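There are 2 protein chains.
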Amino acid sequence: MTTELLPVTKRTRVHRLRERQVRDRAVLYEILDGGLVAHVALCVEGEPMLLPVAYARDGDRLLLHGSTAAGLLRAVAGGAPIAVAVTHVDGLVFARSIFDSSMNYRSAVVFGTARVVEGDERVTALRALSDHLMPGRWDEVRPPTARELAATLVLALPLDEVSVKVRTGGPSAEEAADPAIWAGVLPLRAHTGEPLPADDLSPDVPLPDSLRAARRRHVPATTAD
Amino acid sequence: MTTELLPVTKRTRVHRLRERQVRDRAVLYEILDGGLVAHVALCVEGEPMLLPVAYARDGDRLLLHGSTAAGLLRAVAGGAPIAVAVTHVDGLVFARSIFDSSMNYRSAVVFGTARVVEGDERVTALRALSDHLMPGRWDEVRPPTARELAATLVLALPLDEVSVKVRTGGPSAEEAADPAIWAGVLPLRAHTGEPLPADDLSPDVPLPDSLRAARRRHVPATTAD
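In order, the protein sequence lines correspond to chains A and B. For what it's worth, my numbering labels the leading residue of the first sequence as 11, then goes sequentially. For what it's worth, my numbering labels the leading residue of the second sequence as 11, then goes sequentially.
Some clues are possibly wrong.
Repeated chains share a single entry, so a pair holds when one copy, or any two copies, can fit it.
What the hints assert, rightly or not - In silico SDA-like pairs for lysine to any residue, Cα to Cα no more than 20 Å straight-line:
| # | residue 1 | residue 2 |
| --- | --- | --- |
| 1 | K20 | T178 |
| 2 | K20 | L82 |
| 3 | K20 | L206 |
| 4 | K20 | E204 |
| 5 | K20 | A80 |
| 6 | K20 | A85 |
Hints listed in this document are in silico derivations from the structure and should not be mistaken for laboratory results. From a predicted model like this one, the values you see are computed outputs, not experimental measurements.
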């Protein structure tokens, strides 16, 4: 774990509510490791485009992947600057005024230019992407064929320039607020439902380790069942 | 409920996996009404910027709000084209190959230019924003003061040009797949924890209606407790 602080740049500096800016890389890694979908923004002919994608953190870089047939991803592969956000909503903050009502959240926005992952590194990167969503699944199922690999674009974005913002805790204290009005936080978190087996599954096939691991990864221990 | 289909434009046409494109406005409304945070993308000096914001749907427009001191929101208020995404991840799809592994999701990306909501319409819009997150909270707490209103920027974006994509169901069938390998879907959904009262709350204050309503809104009935 690196102890280097995230640099503050023109793009990552938080101007308002500066106390919410976080420069600790450990917090960044926790945000990225706990998410499932990132939103990728880029400019095409001066206008913003936005697409949700699966991703994974691999050390100090973010991996993205998609089809080689996806036009926006090809633009990213071609060197278009991107901004990539991962956001968690952790709770609704019930204050005693509408103005102070808020959300607890953790968000990371990464800025930069992605490079195409090529050669032997591709399989390693795809495995990292698979392991992020379904830890260990790679060893349970058929690996990608050469044809499938050729249809997959893998991109790597360094975690060099990142804006991390976090709000935690209860409503901000207001003078003269009425303590008889309920105030506090309604926590929100991810939860998994009962696994739904495929129609053609043989009887009595036990749940795979990767599914149990995905449940543990994507559900906080307090609500896992 | 309008039955008019979402128009397909250069920006909203889905080129890959076209079967995932949805043109039904009812699906769009459900995606927007069920979310808490939208990601707003815009281009600043040719480079993409991205910020997570609270939002609400109000009829056939999207409302966004933030501080008048937020530079990016001021750029949006000034007429910068934006793209706004709301995405739900509904499940992890465990296929029998890495390539077919997937996620079930519903996503909406709205394109356009927002206008500043002014005059009497501002309070109505702020109430819609409040009601989206915490239904009925407006009547339980102190309303905004003139000073708080002056510090708040409210923006409206028409739901004219929207790309909606949905993936549902189990893993895609693969010939010669081994039915003895577990395949299926791990459903994911939002869940609320136990409410955390503020430090200064008087004893025996019951949970407010708005909190119960927020729980019902943000948690599917099957997991609400």
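Tested hints:
1. Neither within a single protomer nor between protomers do K20 and T178 lie at most 20 Å apart by alpha-carbon distance, with minima of 25 Å and 41 Å respectively.
2. In this homomeric assembly, K20 and L82 come within 20 Å of each other (Cα to Cα) only across copies, at 13 Å, whereas the closest approach inside a single copy is 26 Å.
3. Proximity of K20 and L206 under a CA criterion of 20 Å is satisfied in neither setting, with 47 Å inside one chain copy and 37 Å between copies.
4. For the homomeric pair K20 and E204, neither the shortest alpha-carbon distance inside one copy (46 Å) nor that between copies (39 Å) is at most 20 Å.
5. In this assembly of identical chains, the alpha carbons of K20 and A80 lie at most 20 Å apart only when taken from different copies (14 Å versus 31 Å within one copy).
6. In this assembly of identical chains, the alpha carbons of K20 and A85 lie at most 20 Å apart only when taken from different copies (16 Å versus 24 Å within one copy).
Hint violations for this structure: numbers 1, 3, 4, all remaining hints satisfied.
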